[in-house]
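Asker: Each chain, written out:
There are 2 protein chains.
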Amino acid sequence: MKKFLVLFGFISASLFSQQKTNTTNKNFALVIHGGAGTILKENMSPELEKQYTDKLNDALKAGYDTLSKGGTSVDAVVTAIKILEDSPLFNAGKGSVFTADGKNEMDAAIMDGKTLKAGAVAGVKTIKNPITAARCVMDKSQHVMMVGSGAEKFAKTCKCDTADAAYFFEQKRWDQLQKIKKTEKTELDHGSSIKASDVEFNDKKFGTVGVAALDQYGNIAAGTSTGGMTNKKYGRVGDAPIIGAGTYANNKTCAISCTGHGEFFIRATVAHDVSALMEYKGLSLEKAADEVVNKKLKEMGGEGGLIGIDAKGNITMPFNSAGMYRGYMKSDGKKEILIYK
Amino acid sequence: MKKFLVLFGFISASLFSQQKTNTTNKNFALVIHGGAGTILKENMSPELEKQYTDKLNDALKAGYDTLSKGGTSVDAVVTAIKILEDSPLFNAGKGSVFTADGKNEMDAAIMDGKTLKAGAVAGVKTIKNPITAARCVMDKSQHVMMVGSGAEKFAKTCKCDTADAAYFFEQKRWDQLQKIKKTEKTELDHGSSIKASDVEFNDKKFGTVGVAALDQYGNIAAGTSTGGMTNKKYGRVGDAPIIGAGTYANNKTCAISCTGHGEFFIRATVAHDVSALMEYKGLSLEKAADEVVNKKLKEMGGEGGLIGIDAKGNITMPFNSAGMYRGYMKSDGKKEILIYK
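Chains Z and U, in that order, are what the protein sequence lines are.
Anchor point for the first sequence: position 123 equals 773 in my numbering, and the numbering is continuous, going up by one each time.
Anchor point for the second sequence: position 256 equals 906 in my numbering, and the numbering is continuous, going up by one each time.
Rather than coming from a laboratory, the hints here were simulated on the basis of the structure.
Check the hints yourself; a few may be wrong.
Same chains, same names: a pair is fine if it fits in one copy or spans any two.
Unchecked claim - Straight-line alpha carbon distances no greater than 35 Å define the calculated DSBU-like cross-link-like pairs of lysine-lysine that follow:
#1 Lys832 to Lys985
#2 Lys832 to Lys767
#3 Lys931 to Lys806
#4 Lys937 to Lys767
#5 Lys832 to Lys700
#6 Lys790 to Lys829
#7 Lys809 to Lys753
#8 Lys778 to Lys767
#9 Lys809 to Lys775
#10 Lys937 to Lys991
#11 Lys832 to Lys806
#12 Lys775 to Lys832
#13 Lys946 to Lys806
#14 Lys803 to Lys985
#15 Lys767 to Lys984
#16 Lys883 to Lys902
#17 Lys948 to Lys806
#18 Lys931 to Lys803
#19 Lys829 to Lys778
#20 Lys945 to Lys790
#21 Lys767 to Lys753
#22 Lys753 to Lys883
#23 Lys948 to Lys809
#24 Lys700 to Lys778
#25 Lys691 to Lys809
#26 Lys831 to Lys790
#27 Lys803 to Lys948
Based on the provided sequences and hints, a complete structural model is requested.
Answerer: Laid out in structure tokens, this is it:
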């Protein structure tokens, strides 16, 4: 497998000096993903590739800056996810795909590994950054999950930015919907039969963004945000807003954000399963994540991947699909942004 | 703690003979709950107690009959839950509590331990038996979770019975809403401060019904159904429809249905955690469930309980609240229906 290595090297001296003034002498790091799926180099133009890697880099840097200035892992997760949500490239926030009704219905979740508090929203249509609504639910309510217009109403408590349908309209996503409607009339009953090779078409299945971070205080957190599935019907909810499936964080083990064919991730309780393998079987983060993604999920037929971090700053980014937009940045100077296997 | 033992004894000879004609010589069993909470004998009238135990008995018998006739564990779960949903006594189906808007919004989930297939619905208002809609999602769609009107629309695929607001109107539940509205103006921001001692008032927090079953073919399944939380706002969703939190089944380990303060059950991924303790740490069903309910959940402040069954027919019914409506019936003739500690 050929690695597409965009960046690898030491962080600038200025970042290190900044870190020292705020540090508790602990390392910090974050890892991000922008979705997994049939992402093949032969189908990707150099221009599009650069757009993806640039945006992943922006998100990594913003999250890293938050951590280096003493921000919490929850702060870093929200900061980095907002940047990905604001980009039309990823299936979350502005770039969200369309439902069968031509609407954008978004889901997001966040979990704090220190407190095991969590917040999630599903089926929101008017929140510019759904991850901020998820954080609002976590911080300001006694609840974990809110759906639909109720979630939107509650997000006002935190003055979350709203946006109208025009903001979320992306021609590319609209064209995807029309294309899928033609080929996939009864997706729900018969599953997808689409085998198109172009990137933008295929990423409709697995488009999601997610971040996991370790802060200077030794606390980890994870968040996930998605526009769901193109042409989705019947108020379908995937794994992203399901705590334990697409999103989970626990200081004792790991912080995980998943991306992939959501139904399998729910049935396999993927994020919590990685945590449980670490807690109860003593596996390392890498081995636990590999076991779940490349064995358990694969045996079920579940395509996708995840990113994870533990309280020591170890990072993992396994996937069983052709590609996954991903990257990490650590206080020891290591940084990578990758797309293909 | 005084046990309230309603029934204990051998099943009639007729049931045994029926079992023999269909059996694969395997044992079968089911276990049910009707919610956990501040259920104290001193607050319960003999008449109400009898109503609860009679209805639990009806559900147990119906589920048992399904199993004895060769029905699957999924069949038995649906059969028994429907009986509890049709009773105004429990916070599910007909007896569902009211939201802050004076509506009934119900959630349900089911999972098949043999296939790891699962189905869930949240926020449905017009489905007479939400568990049948959850099964419809599991059996007839490629999805696991559907919410709101989309879920209701999809349930038509399976011709699930519908019901209007008048069917779900129960004066007792309406009065509960008015009472709670008076004392709990800002529940979401400040949590509940209600310490009322009467059963009907307190069960609003933890009302849920659930069933776990083992069939003659050695397969287990679990299902949960709830009307949610009285006076709930903002489209809040609890643990019942969250696979891995309130509901989970896996032939390798256990089938679990939870009831309690849902937010804690989501954050602790309770149902999957019991399974993980069995799979990865080799704990028995009873020890795993005790660890989660009486240690992990209790330390977090999470009140409630669960019922569970494994593929050998072992049963557990732990709870850390004052009481839990519960019972089981096994092909070896053992049967119990209990309410208090």
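Asker: Would you mind marking each hint as holding or not holding in the structure?
Answerer: Against the structure, the hints come out as follows:
no. : hint             : in the structure
1   : Lys832 to Lys985 : neither (42 Å within a copy, 56 Å between copies)
2   : Lys832 to Lys767 : between (43 Å within a copy, 28 Å between copies)
3   : Lys931 to Lys806 : neither (43 Å within a copy, 44 Å between copies)
4   : Lys937 to Lys767 : both (26 Å within a copy, 26 Å between copies)
5   : Lys832 to Lys700 : within (31 Å within a copy, 58 Å between copies)
6   : Lys790 to Lys829 : between (41 Å within a copy, 24 Å between copies)
7   : Lys809 to Lys753 : both (23 Å within a copy, 27 Å between copies)
8   : Lys778 to Lys767 : both (23 Å within a copy, 34 Å between copies)
9   : Lys809 to Lys775 : both (15 Å within a copy, 29 Å between copies)
10  : Lys937 to Lys991 : within (18 Å within a copy, 42 Å between copies)
11  : Lys832 to Lys806 : between (38 Å within a copy, 24 Å between copies)
12  : Lys775 to Lys832 : both (25 Å within a copy, 32 Å between copies)
13  : Lys946 to Lys806 : between (40 Å within a copy, 33 Å between copies)
14  : Lys803 to Lys985 : neither (39 Å within a copy, 47 Å between copies)
15  : Lys767 to Lys984 : within (30 Å within a copy, 41 Å between copies)
16  : Lys883 to Lys902 : between (38 Å within a copy, 33 Å between copies)
17  : Lys948 to Lys806 : between (41 Å within a copy, 33 Å between copies)
18  : Lys931 to Lys803 : neither (42 Å within a copy, 43 Å between copies)
19  : Lys829 to Lys778 : within (26 Å within a copy, 37 Å between copies)
20  : Lys945 to Lys790 : between (39 Å within a copy, 27 Å between copies)
21  : Lys767 to Lys753 : both (30 Å within a copy, 28 Å between copies)
22  : Lys753 to Lys883 : both (10 Å within a copy, 24 Å between copies)
23  : Lys948 to Lys809 : between (41 Å within a copy, 34 Å between copies)
24  : Lys700 to Lys778 : within (25 Å within a copy, 53 Å between copies)
25  : Lys691 to Lys809 : neither (41 Å within a copy, 46 Å between copies)
26  : Lys831 to Lys790 : between (40 Å within a copy, 20 Å between copies)
27  : Lys803 to Lys948 : between (39 Å within a copy, 32 Å between copies)
Of the numbered hints stated above, those contradicted by the structure are hints 1, 3, 14, 18, 25, listed in ascending order.
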